[in-house]
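*Asks:* Residue numbers (the UniProt record's numbering), protein chains in the order written: chain A, 1 to 326; chain F, 1 to 326; chain R, 1 to 326; chain X, 1 to 326.
A few of these clues could be false.
One copy or any two copies: either way a pair holds, since identical chains are not told apart in the list.
[Said to hold, decoys possible] The calculated lysine-lysine pairs, modelled on DSS-like cross-linking and capped at a C-alpha distance of 25 Å, are: (1) K78 x K95; (2) K133 x K30; (3) K243 x K134; (4) K78 x K3.
The hints are simulated quantities; they were obtained by calculation from the structure and are not laboratory data.
Since we're looking at a predicted model, the values are computed, not measured.
There are 4 protein chains.
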Amino acid sequence: MEKEPIFDVAQLAHVEIYSPKPDETLWFFKELLGMEETGRRGQSVYLRGYEDFYHHTLKVTEAKEAGLGHVAWRTSSKQALERRVNAVKETGLGKGWFDDEDGHGAAYQFTTPDGHKMELLWEVEYYQAPEEKKTPLLNRPQKRPTRGVPVRRLDHVNLMASEMKPNVDFMMNQLGFNLREHVRLNNGTDAAAWLSVSPLVHEIAMMGDPLGGKARMHHICYWYGYPQHLSDISDIFTENGIKFDAGPGKHGISQANFLYVFEPGGNRVELFGDAGYLIFDPAWKPVTWKEEDLEKGIIWYGSPLPQEFFMYGTPVIDHKKAANIG
Amino acid sequence: MEKEPIFDVAQLAHVEIYSPKPDETLWFFKELLGMEETGRRGQSVYLRGYEDFYHHTLKVTEAKEAGLGHVAWRTSSKQALERRVNAVKETGLGKGWFDDEDGHGAAYQFTTPDGHKMELLWEVEYYQAPEEKKTPLLNRPQKRPTRGVPVRRLDHVNLMASEMKPNVDFMMNQLGFNLREHVRLNNGTDAAAWLSVSPLVHEIAMMGDPLGGKARMHHICYWYGYPQHLSDISDIFTENGIKFDAGPGKHGISQANFLYVFEPGGNRVELFGDAGYLIFDPAWKPVTWKEEDLEKGIIWYGSPLPQEFFMYGTPVIDHKKAANIG
Amino acid sequence: MEKEPIFDVAQLAHVEIYSPKPDETLWFFKELLGMEETGRRGQSVYLRGYEDFYHHTLKVTEAKEAGLGHVAWRTSSKQALERRVNAVKETGLGKGWFDDEDGHGAAYQFTTPDGHKMELLWEVEYYQAPEEKKTPLLNRPQKRPTRGVPVRRLDHVNLMASEMKPNVDFMMNQLGFNLREHVRLNNGTDAAAWLSVSPLVHEIAMMGDPLGGKARMHHICYWYGYPQHLSDISDIFTENGIKFDAGPGKHGISQANFLYVFEPGGNRVELFGDAGYLIFDPAWKPVTWKEEDLEKGIIWYGSPLPQEFFMYGTPVIDHKKAANIG
Amino acid sequence: MEKEPIFDVAQLAHVEIYSPKPDETLWFFKELLGMEETGRRGQSVYLRGYEDFYHHTLKVTEAKEAGLGHVAWRTSSKQALERRVNAVKETGLGKGWFDDEDGHGAAYQFTTPDGHKMELLWEVEYYQAPEEKKTPLLNRPQKRPTRGVPVRRLDHVNLMASEMKPNVDFMMNQLGFNLREHVRLNNGTDAAAWLSVSPLVHEIAMMGDPLGGKARMHHICYWYGYPQHLSDISDIFTENGIKFDAGPGKHGISQANFLYVFEPGGNRVELFGDAGYLIFDPAWKPVTWKEEDLEKGIIWYGSPLPQEFFMYGTPVIDHKKAANIG
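Please work from the sequences and hints to get the whole structure.
*Replies:* This is the structure in structure tokens:
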């Protein structure tokens, strides 16, 4: 018999990012992207989109430089949490349980082989709207904000890795992610991979870091689901001095209707403007983008991505310095 | 320990509908909805949307009256198929294996308590595009058609049941569906339920049949994912004499951006115009729409549904006759 | 030689409405529709959309009951103003010059035969954005607001008349409006007419008042130009308790993608979600909707309009009382 | 008294383009853009969009190389035609009356100073839909086609000129066009100008020809009015091998939601995806884009235009050869 799929990780629960300019970063997420603040603790502020169901999906922590704090995954049950923790422990990458965070119960901390900090958790605190934010739309946890062009929910995270294979293998073998699409170079290695535990094409993507950085973040992505909202927020970003990286445009890979900008703290943020496509096939064969097919994969229609798109991550690596490293 | 969720049914694989006017029905699905014909056998024609990956998602079979042929579910593995077949067998509703169909391997046939015909299957035949329909968008099984306003994929099926509880329980207990939203009447019974095995709010909905019919179909739904396409197809439907039932509009329940029309054979067809919302929470608590909240649930904004929406299903029941039955 | 068209009236400049609840009315226009306040004077507040170029397009004046204050038309030149004033004077409906208003120069006041107050003017004050609202989009008078779902510009006004013909004739003969579309009843009279001086299908519509009211207003309309924004504002209207009249939907007449709601002061407000169609043909023959074609004209696709749509105007007429009048 | 505006030219009536590959050019316009063929004569085929009211808006004529045939303007009356013909005659650029064309009456032929062939005409033939194409949408001249992603109407033409000033002056002084926006270089000359006789920002744009060509065409533009349709047609263009020039994107200038591709004959074609903004102000002051503001004017958000955008026109000029000319 063939091995059955693992269903133990259910979803991307939240992401923590570091910002050297927390006030400006919060202005970006709250005033332009319409996110809601749900708490503060130490140097951190908790935020969520208006259709995020839990206490928070974003934690912004003041730090000397931009970058990834950690990525948290929720399992599909308490037992599933135990199984995945055990699987992680076997690799020696586990760091132990942590039980003093707002918004969720005990989380098991670990890193990817490259060093990205991650957590697995089961117990979560649901957001409870105060009376004035309650909506008759009972499947929505709160009213739609009337600030900015409000994002609906956290979609995915994209991480850069100094070496692809061990990190992709780790996500697949220890956590049960499925490889959905990947870029296969002529030399037989992968330049990028999109992985998911749900019908989304990815909750996590991994890209090789051409500057040889360790554990850098490429971007986090929030979701609109409506293409018009990428035009709307682009209008507002342009008029409010937000720096664009690329888009709005359409990737072939994952069929993402993308927009990439830099939040004032320096982290790249993607907004996702349509529904992409969903994978329900339980025996999905990964889509392989070879070098000769890649141009349409990167940009299905629209303008090419800038070189910076492939180089820039947070923490930022100085290109000159990188020339000596990479 | 709490019981873990069942992940054995992976997706809605295809639906068979009966049509007394097969030529007109095919014209509707092929010329207006841009679907592709992939085969014919006996009195049946096989169709798929351009982002449906398998041999077919719709089988149109000539018959004396409109109605549901059957609904087929694909499991998440061969082992999962065995487990679900065993679970169905325990209920006495199993009918046995059938192994002579185009597009998939052996299917286990059974009925819901109400009598809707269903199948469980694992092996499927993937659609292979001929050279002239191959697309450089490698995650799309064929080029986007240039006929009509082409639908992308099958989304869900909505069935009417003479009695709700045994049928909903059957879907949950035997097949592992999760209750996502439901309408709870003041008398404590459910008038409608939306169930899924994936982050979609439903692959199947069930509604009480006010005319007391058995095993009727309310509608099948194909998916666009872009609101504009509901306007586009509405233009074309109106100019081509297609009868509207309701919409375009927005349900509160499931946040569906809906359009309901009748294909020329008499079956109701829904087109789904946006991404709705997706459920990633593995411990999702069903959203309960009580009678006092229901108005916004049925129509979040827009015009009320016509009475016919709640009464009409296929096979069609004559209202006068029904008055004596119901 | 045929008579040449008159090009003397150039555009709808602004509308004044009365509100018995000015604070709530202002909240509606400013917080939900993102309009900008540009001044206050006496019991009046001046507002504009972010792509309205002049000092104001809406004047909200506190009054005992909802209704139309006045409608102001800008001419295409100083000479054109004189010509139109002379044409109005000939009818005996002129009231004289008024030169003490914010935002524009001397205006000639008059009424339609039914009694709707109107003005003709040439000199206008352009809106000057303060430094923090200046945008690099030089054809936009200010930054797009980040409040609500901001409307772009005033589109048209729709007035009810106790008798159609004299009022439509007045707009055409005295002011140079072109009849673009009209509803022709079997008895040979018009039930409604859409008139314009530009390629827009209408800057003004007139509808017969079935309650026999005099000089009532049916609605004013602001313009988005993007269908998604009708969905967005519908979400926000529903969650903020705004009463809907009809839509979102699509009229056949004028191809308008409409949404009608009541602002808290009681006036009906339309939001216009797409570009409709434009009339560039200088010899346009009016589109005539006869009774037998009218259903598709009123609703091209979507749900029928409620009866209230045809009866309700401001000032509000009590239906019972109306039964004796009408 | 100030001089009053001229209202003599009413609209862009049609454009003739040359194609060395007429079959492929017709496939592009008919199968992908859903245009309708309304006649053939000699080496020419007549086409129109489904909301174009006249016999044709596009004439495709077989020729050795791609380029502009001619541009035809309809006046606002018979008298207006006479006035404009007289104004043109004064410049010595008139060529005389021509009265043997399908779809319209006598046309007065002339050229711009740069040599672009143009016509003025008054009498037009209206398109009459055959029974099977008649639509209940009475303001639409025929049913919406179910082929490709059908364009609605001709929007504008963009011409390149070896020298800007005499050509822009000619359009303004002889034909009554209004300057709406222009690019003003630091040396005091204009690099580009957008002119119109209606609230559209332009029925004609003129750009300096950096290769020193004479009377070249930059592009013709057809109009959708819905942003989604640029995504839809981009999908289809990509899958059908159409070469993209730029977009989908958003110009600051004119607020155009653009997409530029090359039809198989080599002419650049723009599709216009939204409503842009409209100019109703009769005293509009041209928007001046200085070099320091220009970046946002060219691309409001999205990726920069390729260099080719500014160089390529039809007839095509060989760049090397051009290096000697320009």
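*Asks:* State whether the alpha carbon distance between K133 and K30 is at most 25 Å within one copy, between copies, both, or neither.
*Replies:* The answer is both: 16 Å in one copy and 19 Å across copies each meet 25 Å.
*Asks:* How would you label the pair K78, K3 (within, between, both, or neither) given a Cα cut-off of 25 Å?
*Replies:* So K78 and K3 pass the 25 Å test inside a copy (22 Å) and across (10 Å) alike.
*Asks:* Using 25 Å as the alpha-carbon threshold, which applies to K243 and K134: within, between, both, or neither?
*Replies:* between (34 Å within a copy, 18 Å between copies)
*Asks:* Reference check for the pair K78 and K95, CA-CA at most 25 Å: within, between, both, or neither?
*Replies:* Cα proximity of K78 and K95: one copy only (19 Å, versus 37 Å across).
In this structure, every one of the numbered hints holds.
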